[in-house]
Amino acid sequence: MIFRQFLSLRKAGALGMNRRNRQYIMGYNRRSSFPLVDDKLLTKQLALKHGIPTPTLYHVVSHHGDIAGFERTLADRQEFVLKPARGGGGSGIILITDRRDGKYVTQSGKMISKDDIRYHISDILSGIYSLEGLEDKAVIEGLIHPDQVFGKVTYEGVPDVRIIVYRGIPAMAMVRLPTRQSDGKANLHRGAVGVGVDIGKGKTMDGVRRSGAITHHPDTGESLRDIEIPFWKKMLLIAAQSTDMTGLGYLGVDLVIDKNVGPLLLELNARPGLQIQVANRKGLVERLEMIDRAPKEIFFSPEKRVVWSIQNFAEPNS
Amino acid sequence: MKRPGLWLAAVLFFVSFSLIGYRVLRLGYPLLPTSRAKVWGLTMEIFFEPTGRNGKEMEIRAGLPESRSGQTVIEQRDLSGTLQFNIMPEGLSQIGVWSGDPEEERVLSYRATVLLNPKRLRKPKPPGPESFPAIIADKSEQILARRLIERYASLKAPEKLKAIAATAKGIWRNPPPDENDLKQWTAIQKKYGAEKALVILLRLADFPVRKVQGFVLVESVVTQPDRWIAVWTGEKWEHIQPETGDLYSESVCLLPLMIGETPLVNISGGKLREVRWILSKQTLSQWRTHFERIERSTRFLDRWSLFAIPKEFQEIFRILLLVPIGVLMISVLRNIVGFPTFGIFMPVLMALAFRSTGLSYGLGIFAGVVLIGYLLRRGIDRLRLLLVPRLSFLITFVILAFTVFALIGSKFGVREFMAVGLLPFVILSMTIERFFILIEESGALQALRTAAGSAAVAAITYKIIQIDPLQLTFFVYPELLLAIMGLLLLLGNYSGYRLSEILRFKILGEKS
Numbered sequence: 001m002i003f004r005q006f007l008s009l010r011k012a013g014a015l016g017m018n019r020r021n022r023q024y025i026m027g028y029n030r031r032s033s034f035p036l037v038d039d040k041l042l043t044k045q046l047a048l049k050h051g052i053p054t055p056t057l058y059h060v061v062s063h064h065g066d067i068a069g070f071e072r073t074l075a076d077r078q079e080f081v082l083k084p085a086r087g088g089g090g091s092g093i094i095l096i097t098d099r100r101d102g103k104y105v106t107q108s109g110k111m112i113s114k115d116d117i118r119y120h121i122s123d124i125l126s127g128i129y130s131l132e133g134l135e136d137k138a139v140i141e142g143l144i145h146p147d148q149v150f151g152k153v154t155y156e157g158v159p160d161v162r163i164i165v166y167r168g169i170p171a172m173a174m175v176r177l178p179t180r181q182s183d184g185k186a187n188l189h190r191g192a193v194g195v196g197v198d199i200g201k202g203k204t205m206d207g208v209r210r211s212g213a214i215t216h217h218p219d220t221g222e223s224l225r226d227i228e229i230p231f232w233k234k235m236l237l238i239a240a241q242s243t244d245m246t247g248l249g250y251l252g253v254d255l256v257i258d259k260n261v262g263p264l265l266l267e268l269n270a271r272p273g274l275q276i277q278v279a280n281r282k283g284l285v286e287r288l289e290m291i292d293r294a295p296k297e298i299f300f301s302p303e304k305r306v307v308w309s310i311q312n313f314a315e316p317n318s
Numbered sequence: 319m320k321r322p323g324l325w326l327a328a329v330l331f332f333v334s335f336s337l338i339g340y341r342v343l344r345l346g347y348p349l350l351p352t353s354r355a356k357v358w359g360l361t362m363e364i365f366f367e368p369t370g371r372n373g374k375e376m377e378i379r380a381g382l383p384e385s386r387s388g389q390t391v392i393e394q395r396d397l398s399g400t401l402q403f404n405i406m407p408e409g410l411s412q413i414g415v416w417s418g419d420p421e422e423e424r425v426l427s428y429r430a431t432v433l434l435n436p437k438r439l440r441k442p443k444p445p446g447p448e449s450f451p452a453i454i455a456d457k458s459e460q461i462l463a464r465r466l467i468e469r470y471a472s473l474k475a476p477e478k479l480k481a482i483a484a485t486a487k488g489i490w491r492n493p494p495p496d497e498n499d500l501k502q503w504t505a506i507q508k509k510y511g512a513e514k515a516l517v518i519l520l521r522l523a524d525f526p527v528r529k530v531q532g533f534v535l536v537e538s539v540v541t542q543p544d545r546w547i548a549v550w551t552g553e554k555w556e557h558i559q560p561e562t563g564d565l566y567s568e569s570v571c572l573l574p575l576m577i578g579e580t581p582l583v584n585i586s587g588g589k590l591r592e593v594r595w596i597l598s599k600q601t602l603s604q605w606r607t608h609f610e611r612i613e614r615s616t617r618f619l620d621r622w623s624l625f626a627i628p629k630e631f632q633e634i635f636r637i638l639l640l641v642p643i644g645v646l647m648i649s650v651l652r653n654i655v656g657f658p659t660f661g662i663f664m665p666v667l668m669a670l671a672f673r674s675t676g677l678s679y680g681l682g683i684f685a686g687v688v689l690i691g692y693l694l695r696r697g698i699d700r701l702r703l704l705l706v707p708r709l710s711f712l713i714t715f716v717i718l719a720f721t722v723f724a725l726i727g728s729k730f731g732v733r734e735f736m737a738v739g740l741l742p743f744v745i746l747s748m749t750i751e752r753f754f755i756l757i758e759e760s761g762a763l764q765a766l767r768t769a770a771g772s773a774a775v776a777a778i779t780y781k782i783i784q785i786d787p788l789q790l791t792f793f794v795y796p797e798l799l800l801a802i803m804g805l806l807l808l809l810g811n812y813s814g815y816r817l818s819e820i821l822r823f824k825i826l827g828e829k830s
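Chains as they are written, first to last, in this note's numbering: chain A, 1 to 318; chain B, 319 to 830.
There may be inaccurate statements among the hints.
Below, computed lysine-lysine pairings styled on DSS-like, alpha-carbon distance capped at 30 Å [as the list claims (entries may be wrong)]:
no.: 1; chain 1: A; residue 1: K201; chain 2: B; residue 2: K824
no.: 2; chain 1: B; residue 1: K474; chain 2: B; residue 2: K356
no.: 3; chain 1: B; residue 1: K554; chain 2: B; residue 2: K478
no.: 4; chain 1: B; residue 1: K443; chain 2: B; residue 2: K554
no.: 5; chain 1: A; residue 1: K110; chain 2: A; residue 2: K234
no.: 6; chain 1: B; residue 1: K529; chain 2: B; residue 2: K480
no.: 7; chain 1: B; residue 1: K457; chain 2: B; residue 2: K508
no.: 8; chain 1: B; residue 1: K824; chain 2: A; residue 2: K11
no.: 9; chain 1: B; residue 1: K554; chain 2: B; residue 2: K529
no.: 10; chain 1: B; residue 1: K554; chain 2: B; residue 2: K480
no.: 11; chain 1: B; residue 1: K824; chain 2: A; residue 2: K152
no.: 12; chain 1: B; residue 1: K824; chain 2: A; residue 2: K203
Hint data in this document are derived by calculation from the structure and do not stem from the laboratory.
Build out the structure end to end from the sequences listed, making use of the hints.
Given below as structure tokens:
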């Protein structure tokens, strides 16, 4: 019975956690490169060097003594994002959209006092949100104004695009849409919606929420299908370049589309989740094995890799 | 070699199983941990009243069981408080001596565990000079006795012994002795008592004889020791019940405590009020009793056994050896089944803690502490404490909660509430913190699911490390750790699906 189930997963080419860890993460991601993606500040610097756009950096708090300093730097900024440099899974991130009566207003409309912000920064510095519980830095950067392309299928927050890149070739992609339940965050484990993307056309397909299939956004009721993602080729190129930039062979690339500046690299993930397969209704194994058989010469340039990916991974009938 | 891990695992299995094979085949270790051995517990309680004036020492001497052919003392413990306790040989017996100036004490107790192993008889030692006591009867009585047993002179030793022993009941084999002699002998039996009269006959027939005090092993509480006569027939010792003259058959288990005439318990500087022996049958696994053989062995692997280390450390290793079983369970449950848990090894520590609290109480306390801790954590969230002091605050709180539990437990007599000591409180505090953060970030459902996962893993692990034979097997064969390492290597090589992924990727499976 169980064996049959395993067989059907295998036939579907589903990539399991154990195999992802052993074959792809341990096989292609060198431990020494992990800090480049685990620390968002390092990722930012690296992206800057390679000419990849990221959200503007306003300020970094690295010591408890500097907490007061951040208010001076932000003196007249109405909106910003506060996040831990080494946080994972979207934890510890606060989006501030306005200031009122000496208090901060979060994106969901909650009022936060200055003391609360200081407390939160102090938590970040203590490492409470960091992956290994190490001491951390608090990063303050520009707020993203998401392009309205996903406006109808987003409940507050910032939708983002996740692309799995294997050996520099975009293998699978999805759009992650915040919901009321996910509290404006684009993380699937919090209840955000994942929508598969046709890599060839840059168009959305069907969605998933928790492990159930859906076709419409649970809060707005709008259809998830056939939304054309702007800047698609540029985003694929940024994703492909991320591998050259970090040396990581199996990578999750998170991008957002700002209505003013276009696609921005938000963060990289050396241990990207497997839920993207459910969003795409497709196992990763087949594509990863196709990439292993791809002609050698395309691996030398990110542009060629993107072209190969579009040719090979386009959905046949949509 | 494409997968060196698998080869290494094979080597580990090979080494592990060949060491076990060697122990079983060459050193005769038991393979099945379930076979039970005959083990008796002897508890001796002596109630006394010191009569000595201040400063005068009191001394109590009592015969104790000792390891000898067919029996082994596995464990003995003195449970009296302030008295000094020594064990010394005296004659053929092992004597326990308690001495001191008891101010408050009026009772001392001693406990021994004795393994009877009739199969492992050593060649019996022939008697020494102590077995030829002087004959107490006077000349004329001796002449009479000699005449009475003369008729048995032609019998072989074992037969002769039976014939003489039967006279205790007044049974004389043919030809029957003179009426007059019999009358006189009956008078002598009355004069000295059956036991001594029998000894006179046996001694005159040149049998080495020992008087023995001890117990015929029957589950009981007794205040008087049994007495019997041990007689050497030239090949072995026979044991005779003096009143009836019956020989104890081989199937009767005797536990001698004192050889000779000395009273089994005597006291100086005090008065004995009562002595009580409690005999109880215990079932110990064969493994444990194996300790006896191993301890005496000179074989390399026997000396390099965990039985060879001092008792107080053995206990620690028993627990320590459970940890690898626990982590193996965790590896299976997480990588093959896919349970979500708080922290990786937290459930192992929980499982170890459950050993002292029991499963239901353990889980109850776990749930209680996490719940109360969560409420407290919510409460102090407003205080904006820095991380480290906040966690320390939680740890202190958890210990306080344990203390309160223990007090409640002692009030209502619930031992399990007091046994929380081993619960890993640091880990528990971290669990509270993670539980809080998980609720804040991923919602109560996810947090409860993870908590239930942790509890389930802890419970399963506990059930497995509680299997007694398994525990002892690891203690006897510590080389099984190599096999565990091998299994872990295999698990580490597993890149198949997890059971939980059947649900997770259901949509993918359905499509094909």
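Hint check:
At most 30 Å may separate the alpha-carbon atoms for a hinted pair to count; A:K201 and B:K824 meet this at roughly 27 Å. For the given pair, B:K474 sits about 34 Å from B:K356 by alpha-carbon distance, which is inconsistent with the 30 Å threshold. The straight-line distance between the Cα atoms of B:K554 and B:K478 is roughly 14 Å, inside the 30 Å bound, and the hint therefore holds. Distance check on the hinted pair: B:K443 and B:K554 sit about 8 Å apart at the alpha-carbon level, within 30 Å; holds.
For the hint pairing A:K110 with A:K234, the CA-to-CA distance comes to about 35 Å; that exceeds 30 Å, so the pair is violated. For the given pair, B:K529 sits about 17 Å from B:K480 by alpha-carbon distance, which is consistent with the 30 Å threshold. Proximity of B:K457 to B:K508 is assessed by CA-CA distance (about 18 Å); at most 30 Å being required, the pair is judged to hold. For a cut-off of 30 Å, the pair hint linking B:K824 to A:K11 stands: about 12 Å separates their Cα positions.
Among the hinted pairs, B:K554 with B:K529 is consistent with the structure: their alpha-carbon atoms are about 15 Å apart, no more than 30 Å. Note on B:K554 and B:K480: the hinted pairing holds, with a Cα-Cα distance of about 14 Å set against a maximum of 30 Å. Simply put, B:K824 and A:K152 have alpha-carbon atoms about 29 Å apart, close enough for the 30 Å limit, and the pair holds. Only pairs whose Cα atoms come within 30 Å are accepted, and B:K824 paired with A:K203 is accepted, the gap being roughly 24 Å.
Hints 2, 5 from the list above are not met by this structure, while the remaining hints are.
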